[in-house]
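Q: Okay, here's what each chain looks like letter by letter:
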Amino acid sequence: MASGVGVNPDCLNAFQELKLGKKTRYIIFTLSPDNTEVVVEKKSESHDYEQFMADLPENECRWAIYDFEFEKPDGGRRNKITFYSWSPDDAKIKHKMLFASSKDALRRSLVGIAAEIQGTDYSEVSHESVFEKVSKGN
Amino acid sequence: MVNYGGDEVSALVIDIGTSSIRAGYAGDDNPKAIIPTSYGYLPDAPTTTEDVTMGEAGQNGPSLWRDGMRVENPMTNGLIQDFEPIPPLLNHALSEVMRCSASEHPVLVTEAPWNTAANRERMAEIMFEEFQVPAFYIANTGVLNAFAAGKGTALVIDVGQSTASVTPVVDGFVLRKGLQYSALPQLVHAHAKHLLTSPTNKRPGIQLLPHQLIATKTPVDAGALPRFQVREDRVAGTTDSWKLWYEAREVDEWIQSVAGVLDQGWNDQAALARGARHYEFPTGYNYYFNGMERYSVGEQFFTHSPQLVASNPNLPKTIPALVSASMNACDPDMRQVLFGNIVLIGGGSLFSGFADRLHNEIERQTPHAKFHAPGNPTERRYGGWLGGSILASLGTFHQLWISKEEWQEHGKAIVGQRCK
Chain X
0 MASGVGVNPD CLNAFQELKL GKKTRYIIFT LSPDNTEVVV EKKSESHDYE
50 QFMADLPENE CRWAIYDFEF EKPDGGRRNK ITFYSWSPDD AKIKHKMLFA
100 SSKDALRRSL VGIAAEIQGT DYSEVSHESV FEKVSKGN
Chain F
0 MVNYGGDEVS ALVIDIGTSS IRAGYAGDDN PKAIIPTSYG YLPDAPTTTE
50 DVTMGEAGQN GPSLWRDGMR VENPMTNGLI QDFEPIPPLL NHALSEVMRC
100 SASEHPVLVT EAPWNTAANR ERMAEIMFEE FQVPAFYIAN TGVLNAFAAG
150 KGTALVIDVG QSTASVTPVV DGFVLRKGLQ YSALPQLVHA HAKHLLTSPT
200 NKRPGIQLLP HQLIATKTPV DAGALPRFQV REDRVAGTTD SWKLWYEARE
250 VDEWIQSVAG VLDQGWNDQA ALARGARHYE FPTGYNYYFN GMERYSVGEQ
300 FFTHSPQLVA SNPNLPKTIP ALVSASMNAC DPDMRQVLFG NIVLIGGGSL
350 FSGFADRLHN EIERQTPHAK FHAPGNPTER RYGGWLGGSI LASLGTFHQL
400 WISKEEWQEH GKAIVGQRCK
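Sequence lines, in order, name chains X and F.
Per numbering that gives the first Met the number 0, residue 0 is the first one in the first sequence, and the count goes up by one each step.
Per numbering that gives the first Met the number 0, residue 0 is the first one in the second sequence, and the count goes up by one each step.
None of these hints come from the bench; they were simulated from the model.
Glycine included, C-beta positions come from ideal geometry on N, C-alpha and C.
Errors might be hidden in some of the hints.
Claimed, not checked - Below 30 Å or equal to it, Euclidean Cα-Cα: the simulated DSSO-like pairs (lysine-lysine) are:
(1) K71(X) / K369(F)
(2) K135(X) / K31(F)
(3) K71(X) / K21(X)
(4) K132(X) / K369(F)
(5) K369(F) / K79(X)
(6) K176(F) / K135(X)
(7) K21(X) / K41(X)
(8) K135(X) / K93(X)
(9) K79(X) / K22(X)
(10) K192(F) / K91(X)
(11) K93(X) / K403(F)
(12) K31(F) / K93(X)
(13) K192(F) / K316(F)
To be verified - Far from chain F, some chain X residues (derived; all Cβ distances over 10 Å):
(14) N34
(15) F98
(16) A99
Using the sequences provided together with the hints, build the complete structure.
A: Following this line, the structure appears as structure tokens:
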């Protein structure tokens, strides 16, 4: 079951840029004002994770791609492209429904995602809990 | 075909449950028509379908006493078992209560996660052939509830009037192998009825006589024998099915006003400490029910007493048992994310103390569990309808509707293809 919402080509371009250009650190996606397609809200090169968390609004839903970089205990560096579904409990029910039912369209058009995070509050998207998830088994 | 552009779809959303049928316009945050699913009929009438007594929205269906009237419910375990009364029931909700014509609106119907293919095709047939709808879609309540909570992946715990279910939803699809349901609410109900009607050392068994059969009564003190006179003229014309239906309603009302669940697990002292609560029955009999009686009812959702287990090997699974059975059937990788996204839904979950207790039970097993239980009772009771209402109101959703032309061209097979 899906909402039938489309994905703006800009989303793909931004994602390719992040994947291949290695410059963009994260992308925030949202729905266009008329709720017909997914658009890019923000691209950022900031390495500050706090900044990224601040870009997830407290009571509105978003999706995000974060190029998660971490170091293994043996010193190897890893990059994991992580997909976030951000849906805080305080968001309007219509938005939660819209974002949840449209996620699949966006998620399927982005190839090469290593991990997925479903977050309803800031503790679920914090650096530690994401790190715990993406570093597993690698 | 109706031309729907933008968000002006004006679709209808219908959610059929065991206790009530909810119908309304997509985009609204409340169903316009809520009618009881139980209906009354007179067996001597020429065709049963034409003489169906149903309540107005918000009223209580067959509560009007009629000579020889029987009461039926088309649902069994959350599924439609008897399709014959469905068209008149829906017709009542749409034409009589909402005053609209289904032939002018696309219709979205919800279904239980364990619905059968034959059942949903029958529903599509009724909608297209009898109601002449221009477009149709059938959506799964498990997925709708997960989406309405903003989650593509969730463990949906739905406690209804007849059935409690646990549905793992992953990326918008139901994991069929993890789907678990049982007739637990019926056991809770039976327990409450048994508790009321059997005598204890402090009080006699309580007569669940409907007020429609009582001519006069005089107020009595709490615990004293009731003094009332039965309407003799109505006794002969009262059918067993109507009486059973009424008794079930009386028990439900008692449960809703008096019973509860202890949030920390069963403990005699804790139950007694909750104090007594007063309730008066239609006969005029009134009594202060103590904590043991009040809380033993809700306890049935979580634990079965050893005596009960010994006497009946086929008990419906308790909620914690349903959750662990469902989890054991799922991939270990999925368990953590499902436990992190539990959605509690259904009118039965509004039982006083239920959400807290379930939270405690699950947290004992899995410390990482995260709970989402809508605080708003409308969202809890009509979550499935509400999800359908939002989905059907989206302009972009219109490409997914099954149109009448497609139905005529492809027949039943299209329902399974389109509505996954």
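Q: State for each hint whether it applies.
A: Verification of the supplied hints:
Note on K71(X) and K369(F): the hinted pairing holds, with a Cα-Cα distance of about 29 Å set against a maximum of 30 Å. Between K135(X) and K31(F) the alpha-carbon distance is near 49 Å, which puts this suggested pair outside the 30 Å criterion. Only pairs whose Cα atoms come within 30 Å are accepted, and K71(X) paired with K21(X) is accepted, the gap being roughly 20 Å. The hinted pair formed by K132(X) and K369(F) meets the criterion: a straight-line CA distance of about 16 Å does not exceed 30 Å.
Of the supplied pair hints, the one linking K369(F) and K79(X) holds, its CA atoms being roughly 25 Å apart against a limit of 30 Å. Distance restraint check for K176(F) and K135(X): the Cα-Cα separation of roughly 26 Å lies within the 30 Å cut-off, and the hinted pair is therefore satisfied. Pair hint K21(X) plus K41(X) holds up; C-alpha atoms about 16 Å apart against a cutoff of 30 Å. Proximity of K135(X) to K93(X) is assessed by CA-CA distance (about 34 Å); at most 30 Å being required, the pair is judged violated.
At roughly 14 Å between alpha-carbon atoms, K79(X) and K22(X) fall within 30 Å of each other, so this suggested pair holds. Of the pairs offered as hints, the one joining K192(F) and K91(X) is violated, with about 40 Å between alpha carbons and a cut-off of 30 Å exceeded. With a C-alpha separation of about 28 Å, the suggested pairing of K93(X) with K403(F) holds against the 30 Å cut-off. Distance check on the hinted pair: K31(F) and K93(X) sit about 18 Å apart at the alpha-carbon level, within 30 Å; holds.
This hinted pair checks out: K192(F) and K316(F) have alpha carbons roughly 20 Å apart, not beyond 30 Å. Non-interface call for N34(X) relative to chain F: violated, since the shortest CB-CB distance, roughly 7 Å, does not exceed 10 Å. A Cβ of chain F approaches the Cβ of F98(X) within 10 Å, the least distance being about 6 Å, so the stated non-interface status is violated. The Cβ of A99(X) sits about 4 Å from the closest Cβ of chain F, inside the 10 Å cut-off, so the non-interface label is violated.
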